[in-house]
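Last residue of the sequence shown: 131 in our numbering, with the numbers rising by one and none dropped.
It is possible that part of the hints are untrue.
To be verified - Computed list of lysine to any residue pairs in SDA-like fashion (alpha-carbon distance at most 25 Å, straight line):
| id | residue 1 | residue 2 |
| --- | --- | --- |
| 1 | K43 | C108 |
| 2 | K25 | K81 |
| 3 | K81 | S123 |
| 4 | K113 | H48 |
| 5 | K25 | S123 |
| 6 | K66 | K81 |
Hints in this document: simulated from the structure, not taken from any laboratory.
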Amino acid sequence: MRTYTMLVKVEETDLDELQHVNNIKYVEWIQKVSKDHWLQVAKQNALHDFIWVVREHRITYYSGAKRDDELRIQTEIIHSKGSISTRKVSMRNNKTDQLVVSSETDWCLLNAKTMKPTRIPASIKNLFAAP
1 MRTYTMLVKV EETDLDELQH VNNIKYVEWI QKVSKDHWLQ VAKQNALHDF IWVVREHRIT
61 YYSGAKRDDE LRIQTEIIHS KGSISTRKVS MRNNKTDQLV VSSETDWCLL NAKTMKPTRI
121 PASIKNLFAA P
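Can you make the complete structure from the sequences, with help from the hints?
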């Protein structure tokens, strides 16, 4: 499954003092959509053998989301090399299609037993390839 999409409705508890979504909440959603994508495509043995950890987030904010906005959050892998996989996430207002946030995150694959970085096997790369 090359892309994965989820919808989120902005709640009161997601807001900061300016009544826009708090930046920390965007990071939480970036991590959630990424994890959900992994859980959707990974086989049970991969879930047992490997763990993904964040190495770096790069986030660009375009506009603020407000209470009751519905965001369409989409993710895909755009590059993988060695133990690092770069994942792109875009968040758009589902009603207007306006881009709210985009991000690229470098995720490092760890061996679950040793907790050391491990080269991403072809079997995992293929899970996120276009059909």
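Going through the hints against the structure:
1. K43 - C108: 18 Å, holds
2. K25 - K81: Not OK: K25 and K81 at ~29 Å, beyond 25 Å, violated.
3. K81 - S123: 14 Å, holds
4. K113 - H48: Roughly 9 Å separates the two Cα atoms, so the pair holds.
5. K25 - S123: At roughly 32 Å apart (the allowed maximum being 25 Å), S123 and K25 break the hint.
6. K66 - K81: 37 Å, violated
Figure legend: structure checked against the earlier numbered hints; hints not met, in rising order: 2, 5 and 6.
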